[in-house]
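A.B. asks: Sequence lines, in order, name chains A and B. The number in our numbering is simply the position in the first sequence, starting from 1, with 1 added. The number in our numbering is simply the position in the second sequence, starting from 1, with 1 added.
Think of the hints as simulated: they come from the structure by calculation, not from any bench. Careful: at least some of the hints might be erroneous.
Any copy, or any two copies together, can satisfy a pair, since identical chains are not distinguished.
As the list claims (entries may be wrong) - Restricting the straight-line Cα-Cα distance to at most 16 Å, the calculated cross-link-like pairs of lysine to aspartate or glutamate (EDC-like) are:
| # | residue 1 | residue 2 |
| --- | --- | --- |
| 1 | Lys287 | Glu432 |
| 2 | Lys368 | Asp81 |
| 3 | Lys308 | Glu31 |
| 4 | Lys368 | Asp82 |
| 5 | Lys109 | Asp59 |
| 6 | Lys37 | Glu129 |
| 7 | Lys444 | Glu270 |
| 8 | Lys191 | Glu151 |
| 9 | Lys287 | Glu144 |
| 10 | Lys444 | Glu358 |
Protein chains: 2
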Amino acid sequence: MFDATTYTQRRQQLKQQLGGGLVLLLGNEEAGMNYKDNWYPFYQDSTFRYYFGLDLADLTGVIDIDRDEVILFGPEQSIDDVVWTGPLPSLASLAEQVGVHNVMPNGKIADYLAGANNLHYLPPYRPEHQLKLQAWTGKTVLEPSLPLIETIVAQRSIKSEAEIQEIEKAVTFTSRMHRSVMQFAREGMKEHEVASEAIRYAEATGNLLSFPVICTTQGQILHNHYRGNTLKANDMLLLDAGIQTAAGYAGDMTRTFPVGPTFTERQRELYQVVLDTHEAAMAALKPGMLYKDVHLLACRKLTDGLKQVGLMHGDTDEAVQAGAHTMFFQCGLGHMMGMDVHDMENLGEQYVGYTPELRKSTEFGLKSLRLGRALEPGFVLTVEPGIYIIPELIDMRRNDKVAQQFINFEMLDTYRDFGGIRIEDDLVITESGSRILGEPLPKTITEVEAIRQQAL
Amino acid sequence: MFDATTYTQRRQQLKQQLGGGLVLLLGNEEAGMNYKDNWYPFYQDSTFRYYFGLDLADLTGVIDIDRDEVILFGPEQSIDDVVWTGPLPSLASLAEQVGVHNVMPNGKIADYLAGANNLHYLPPYRPEHQLKLQAWTGKTVLEPSLPLIETIVAQRSIKSEAEIQEIEKAVTFTSRMHRSVMQFAREGMKEHEVASEAIRYAEATGNLLSFPVICTTQGQILHNHYRGNTLKANDMLLLDAGIQTAAGYAGDMTRTFPVGPTFTERQRELYQVVLDTHEAAMAALKPGMLYKDVHLLACRKLTDGLKQVGLMHGDTDEAVQAGAHTMFFQCGLGHMMGMDVHDMENLGEQYVGYTPELRKSTEFGLKSLRLGRALEPGFVLTVEPGIYIIPELIDMRRNDKVAQQFINFEMLDTYRDFGGIRIEDDLVITESGSRILGEPLPKTITEVEAIRQQAL
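Chain A extracted, bound-state conformation (with noise of 0.2 Å):
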């Protein structure tokens, strides 16, 4: 957690930003997983944590601009309580710790926004949320409000260097989460063995994972949360993983390694290829660039490193505006990352990774890119190249004149048990470029076999 004065000036700036009204920030509540009382672990909504600092479930932020008045809602402790969960600070203490200096208990809040004139509350993304809000404001049908996202998206967008420490401090444990799960994946493990490492490593070091372990050597099916393979000599691993820190900033990274000491002929030549378009991707970070033309950019890189292998040919301009790459990255280059592994998404992704001039594509490949819009300083993002080989995508196109033109099939037919390979590091942009955050994690052919090699 920050100072009290760092949240009182973030609340300063999005009332100086908003002009008027009355701002609703929803603090997350405990979530049942099979009955009510059995909690998961608790994340706090990212929004409410920014400008309210507490990391506790059950709270609502209020900031009445055209009263002038911030109050901290919140649930009064009862004796039962402090035998069942030890005494807790008051409401009025936790408030005080993040510079607010008014308190409410929960029940009073559908009266206090009775008289709310110009109410802003955020989209809804829990159902939770729906229910308080329905309730609260007594409308079926809500309306969250576009100005309030804005603001809050062209606040949280850039970050403070108080923060990129932070996310240099989550990205650090992502790294070495990483290494250690190098270091510990056999072959004739299962997979969820494997995971269990990255598991363990941000339980023990007092962490959070920033979101699920992916953890699979079908690196290819991209949302892959099945954890049921065992790791064969020749599979590759890919880990894509990420530590959320105490203070509630996320990393995330993704390596792909050989479950062997070294990789086949053909996984190092895909790797390199996939290697090559992340340091070009990265290299081509600054202020001012549309991240879409860095992902365009990606894309003429994998598609010359493919056609090279030789399962694309073909003009490289063509063959990325056909979408024609597409076969083997399915998905965007990156996205944004702070508070969230996926900053803000909750606010919707054309706000936060497009502008009114620039909407995000409805085209398969672009309609996967988080982020579009122009790079400033203070941005912190992912680059995530990848190459894919999904056989049913291979059998939808195989008749398709376009991908005949720029796609090997003959020679693809022979990759189709490939799987996956993705590279992904995070990122800030800083005035001149960009810089890489946390503690270097090997990514090379040469560094990647060494890592293995030591290992078994």
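Here the structure of chain A is known, so what remains is to put chain B in place on it, guided by the hints.
C.D. replies: Just chain B, lined up with the frame of chain A:
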């Protein structure tokens, strides 16, 4: 998962017992942590899983007794899904696995229900259930079905042989997880470092946790999810943790062990009181016995032990009747266990643990006893007595006449920082008594000290 016949028979029994109407059973959805698509690990609703077996999100089961029809509602897979999640079995083939031959898309649920004139559903415990039920029934105030609750509780309370085998598996995993932590913990570690070994074990063995690990040197705080304390030489560590197997059955055990190689004299004395109570309570379990009476027997045993130590005095029966023992034992002796660690808790403790004739008490102590009713063969439950020294409670009762009659406050004041002890095992009620489930785990002072001495 069991075979299709099992689920068909379970639904058949429900139909016969309930006699008529339309039963709507909601599976769970994925739950977002800090934005919608950043999911917590998936936990299925246990009742849905009991009757429909499937451990996937976004499914709804309908048992239409009047039309003699069973339908599984679910999502249809799109081409995009294949790219992101890989090919999945169709809804129809999933349904076949659990003996259901009719499937419909989720979008048709409201229409289907519109024809029902006797709709039965369970109390919502996740906000998503509330929103769905409101949308599908058109009602703001929901009316869960008491006959459905009672029928399901009656059916699920008696575990089948196959279920007991699954629970035994969960308890054995749980026991091994505890053993591993008992060997792992060291002076100077943070509680979260110790907890990481339990969490690692669950994931490494391909299981989930049945509830968030309690791993604390402050065992007197009953719902302690804080893990920031450092283990000191004379501390005891209380570990309350359980495994949920892939088949969806829970284990739940607690052990309290010294951070050093041996208990201190004071710890040893009170540990033995808890252990004697634990043994006496387990020995009393048999069909026909009220679990409430087992709880009261345990309270008397505990009081006898505390009298011997010198912390209590006076007549044991009178002390327990007056609730004096709740200075040390504030909660219930145990609870039902099955697919939920507190089995069926979302259906209501009154219905699961009590009867219309035996209402749950509102007295301090007894009001936290989740199970009171007469035991039957096939019940699976926990026995978990404890001693918890809560300084705030001492101060609260210091001037209480009844407390003064039974409590040695002068001595108790020297125990203010003692902490807490709990010992918990899982048992099944048999025709003649009960049987402890799972692989035995050190419990006597000699056994516990031996495993610690070996480890250190």
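A.B. asks: Run every hint past the structure and note whether it holds.
C.D. replies: Results of checking the hints against the structure:
1. Lys287 <-> Glu432: within (8 Å within a copy, 75 Å between copies)
2. Lys368 <-> Asp81: Answer is between: at 11 Å across copies they meet the 16 Å cutoff, but 51 Å inside does not.
3. Lys308 <-> Glu31: neither (51 Å within a copy, 40 Å between copies)
4. Lys368 <-> Asp82: between (48 Å within a copy, 14 Å between copies)
5. Lys109 <-> Asp59: within (13 Å within a copy, 35 Å between copies)
6. Lys37 <-> Glu129: both (12 Å within a copy, 12 Å between copies)
7. Lys444 <-> Glu270: within (14 Å within a copy, 57 Å between copies)
8. Lys191 <-> Glu151: neither (45 Å within a copy, 42 Å between copies)
9. Lys287 <-> Glu144: neither (36 Å within a copy, 58 Å between copies)
10. Lys444 <-> Glu358: neither (37 Å within a copy, 68 Å between copies)
In this structure, the hints that do not hold are numbers 3, 8, 9 and 10, in rising order.
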